[in-house]
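Listed here are the chains, written in short residue letters.
Number of protein chains: 2
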Amino acid sequence: MQQELNEFISNNRELIERELKRHLVQLDIPARLKDSMIYSAEAGGKRLRPVILMASFNTYNNDMNRVLASAVALELIHTYSLIHDDLPAMDDDDLRRGLPTNHKKFDEATAILAGDALLTYSFELVTNDPLLTDRQKVQITQLLSEASGPQGMVAGQILDMEAEEKDATLKELETIHTLKTGELFRFAIRAGAYLGGAKDDQIRHLDQFAHFLGLIFQVQDDILDVTGDPDIIGKPVGSDEGNEKTTYVKLLGLNGAIEKKNEYVSKAKAALREASAEDSHLMSLTDYFSTREH
Amino acid sequence: MQQELNEFISNNRELIERELKRHLVQLDIPARLKDSMIYSAEAGGKRLRPVILMASFNTYNNDMNRVLASAVALELIHTYSLIHDDLPAMDDDDLRRGLPTNHKKFDEATAILAGDALLTYSFELVTNDPLLTDRQKVQITQLLSEASGPQGMVAGQILDMEAEEKDATLKELETIHTLKTGELFRFAIRAGAYLGGAKDDQIRHLDQFAHFLGLIFQVQDDILDVTGDPDIIGKPVGSDEGNEKTTYVKLLGLNGAIEKKNEYVSKAKAALREASAEDSHLMSLTDYFSTREH
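In order, the protein sequences belong to chains D and X.
Start counting the first sequence at 1; every next residue gets the next number (the UniProt record's numbering).
Start counting the second sequence at 1; every next residue gets the next number (the UniProt record's numbering).
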């Protein structure tokens, strides 16, 4: 199962990276803008969001080409959010995954514009995809803009900023993560299932699944910050402790956080069974999320 | 003719402002984000872009409700671009139209996120418009993302930044303005005509018209910087001269710039006649653009 999942992840990651590059390289735009967009898009990561989209699609459909553009668009939105998040006015980070952040490699103005360009281009990509019907293009654009806009990811970022100035409760923490991280995971799962041809009630159960998957991702992040290997997670252990950030571990203790995670894992898997998706890669992805070491 | 145009402008400006506010006010999002989005969206201006979209639509169709969402989306994109343009890393402006810029009123992080939110929300607005068909939603989303993204407005902003560090030629100056300002005017005219039901060859001629209208707007901006009344244009006369910015007046002299503008006006009107739009508000808008005092 784990073996199969690893293969699925690495094959589709490769596919995504190839497509991502192909779309950006063919753009006839000013060199500085293009370099800066490609720099961050190639700076990598695990491509978790598009891989989840493809796993969700694959639960109902095998013709993977039909989701490639939507998966790339999702990764572009994630990339733009990281570029803007790293800016001096936001998290002020110099490094991301061991490489200089976009504004360090280029400059702040270029980083702002590269983010704007990636965000805008993601909608162009979806609406220009020759493999989708107009109905599908509209539906994906709606889901993607809702997930990443003022009611979704951007709301999470504002709340996250505000939370740094006060002690957040567990409920507030969940709201922040659900918006900031969860909404793009939720898009991945809903968009994949929708394009794959899932029924409405299956999509409703998957929506529940997505909610818990996002939370599992976040609890594990907080746990790794305390227990992780700094060489593997790519940042010093305990970096959350040094700042005022509220985490699951601070609120519940390490054991409490692990219990919480296991509770989320049970709920996520129950939702998958309701969606008749217990044999899909989404099942093993849940374990992958809850046991990942980076 | 001028009387009629003024009425058209002021009626539709009111309509746009009402709709703009209605859409933003109903958003259930964090207060700080909402306040900051509404602040800049209400900070006004002449609403030229949506008014042009409506004039272009009105050339072929009278049912103005059908373009309202697209017109509002366009104004939201324009608003986002001003917020990001004013940021310290970009133009570093403290005031816009006599009011504190978004990052001065709120803070830089909020301004970046408000811009991102307005940009993303504009696509949500178009794809949620109940008056458009799926085909129309896809077409408008395509045109809008192309006009405002890396091949359009954002490309213009990068080139504009680069041009500040060197002497631009007339050709380079035109490319910058065509992208930075012209692409949104072009969207206004194409989207309006398309939704209004114009024929393909009429849209092609209007595309030409849009190109010249954008240039007229820009030459007049440069002329006003030298000859304008500071109380009317809202900034000191000669402010371009103080910095290294290349302008039409610097390249061609004041008389040369006026001649160039008149040349563009003739070409714009010729294109309108080819599109059988000589009796539309677009004709008087051309004069309005070339003689405006602010």
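Be careful, since some hints might not be right.
One copy or any two copies: either way a pair holds, since identical chains are not told apart in the list.
Calculated pairs, BS3-like style, for lysine-lysine (alpha carbon to alpha carbon, straight line, at most 30 Å) [said to hold, decoys possible]:
(1) Lys245 - Lys34
(2) Lys171 - Lys34
(3) Lys46 - Lys171
(4) Lys245 - Lys46
(5) Lys267 - Lys104
(6) Lys105 - Lys46
(7) Lys199 - Lys250
(8) Lys171 - Lys250
(9) Lys105 - Lys245
Just so you know, the hints here were simulated from the structure itself, not pulled from any lab data.
Now for the hints, and whether the structure bears them out:
With identical chains, the CA atoms of Lys245 and Lys34 are at most 30 Å apart between copies only, with a shortest distance of 24 Å across copies and 35 Å within one. In this homomeric assembly, Lys171 and Lys34 come within 30 Å of each other (Cα to Cα) only across copies, at 22 Å, whereas the closest approach inside a single copy is 41 Å. For the identical chains of this complex, Lys46 and Lys171 are intra-copy neighbours only, at 28 Å inside a copy versus 44 Å across copies, given an alpha-carbon limit of 30 Å. For a Cα distance limit of 30 Å, the shortest separation of Lys245 from Lys46 inside one copy, 24 Å, qualifies, whereas the shortest one across copies, 43 Å, does not.
Within a single copy, Lys267 and Lys104 get their C-alpha atoms no closer than 41 Å, and across copies no closer than 45 Å, so neither meets the 30 Å cut-off. For the homomeric pair Lys105 and Lys46, the shortest alpha-carbon distance inside one copy (21 Å) is at most 30 Å, but the shortest distance between copies (38 Å) is not. Taking identical chains as interchangeable, the C-alpha atoms of Lys199 and Lys250 are never at most 30 Å apart, the minima being 40 Å within one chain and 64 Å between chains. For the identical chains of this complex, Lys171 and Lys250 are intra-copy neighbours only, at 14 Å inside a copy versus 60 Å across copies, given an alpha-carbon limit of 30 Å.
Both within a single protomer and between protomers do Lys105 and Lys245 lie at most 30 Å apart by alpha-carbon distance, with minima of 27 Å and 26 Å respectively.
Hints 5 and 7 from the earlier list are contradicted by this structure; the remaining hints agree with it.
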